[in-house]
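Visitor: Heads up: the sequence shown runs through residues -27 to -1, 1 to 146, numbered per mature numbering (1 follows the signal peptide of the UniProt record, and there is no 0).
Some clues are possibly wrong.
[To be verified] Label pairs and their calculated CB-CB ranges:
| # | residue 1 | residue 2 | range |
| --- | --- | --- | --- |
| 1 | 25 | 82 | 37 to 45 Å |
| 2 | 131 | 13 | 17 to 25 Å |
| 3 | 63 | 142 | 22 to 30 Å |
| 4 | 35 | 134 | 21 to 29 Å |
| 5 | 83 | 28 | 30 to 38 Å |
| 6 | 130 | 60 | 41 to 49 Å |
| 7 | 21 | 139 | 30 to 38 Å |
| 8 | 84 | 14 | 39 to 47 Å |
| 9 | 68 | 39 | 16 to 24 Å |
Simulated from the structure, these hints should not be mistaken for laboratory data.
Quantities reported herein were computed from a predicted structural model and do not represent experimental measurements.
Each residue gets a CB set at the ideal place from its N, CA and C atoms; glycine is no exception.
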Amino acid sequence: MLHHPSRLNRPAVLALACLLSAAGVFAEAARATEARPAAQAIEANDFGSMLDVARGYGEAELTKTESGDPVITGDINGTAYQLFFLDCRDHRDCRTLNFYAVWGTAGVSLELLNRWNALGAYNKAYLTTDGLPVVELNASALDLGRDRLADLFDRWTVTLAAFPREVLGKAGE
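Construct the complete structure from the given sequences, taking the supplied hints into account.
Guide: Next comes the structure, spelled out in structure tokens:
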């Protein structure tokens, strides 16, 4: 027999209150997402709008790869990068964004790159066949909006500042 049924109800009531509170938060987030203006969306082939976002972070221009796919080449705080559009169909409807930067610094150890890769959730680093360090950030281009693209550029800007400091700067140690 249970001697204190009210003790059993209190945790149940608290758990129910937490669930209802969480449900309210999720419902608010869903309403906020639905309320975003359509102007925030970037159409899949609107490379001009993507270029506008890139130019908010530094010099950038829209060109094409040798295969004809679009690519944004740019410079953020003195570091050159490319934003490749991958998984394209006839040079359009690209499904993947690939931020890419390579440095002309030889002698970076795999140990440093592996440490960088282990600590970062969004980037990957490796050496080219010529032994030059590369860092990339990949993301889906599906349902792309200005806010999300700006967030990706924010992450990329931090990466372009942190990688030389945390990897290239320690290469000779």
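Visitor: Next step is simple, just say for each hint if it's right about the structure.
Guide: Evaluated hints:
no.	hint	verdict
1	25 x 82: 37 to 45 Å	39 Å, holds
2	131 x 13: 17 to 25 Å	22 Å, holds
3	63 x 142: 22 to 30 Å	43 Å, violated
4	35 x 134: 21 to 29 Å	24 Å, holds
5	83 x 28: 30 to 38 Å	35 Å, holds
6	130 x 60: 41 to 49 Å	24 Å, violated
7	21 x 139: 30 to 38 Å	34 Å, holds
8	84 x 14: 39 to 47 Å	43 Å, holds
9	68 x 39: 16 to 24 Å	20 Å, holds
Consistency with the previously given hints fails for numbers 3 and 6, ordered from lowest to highest.
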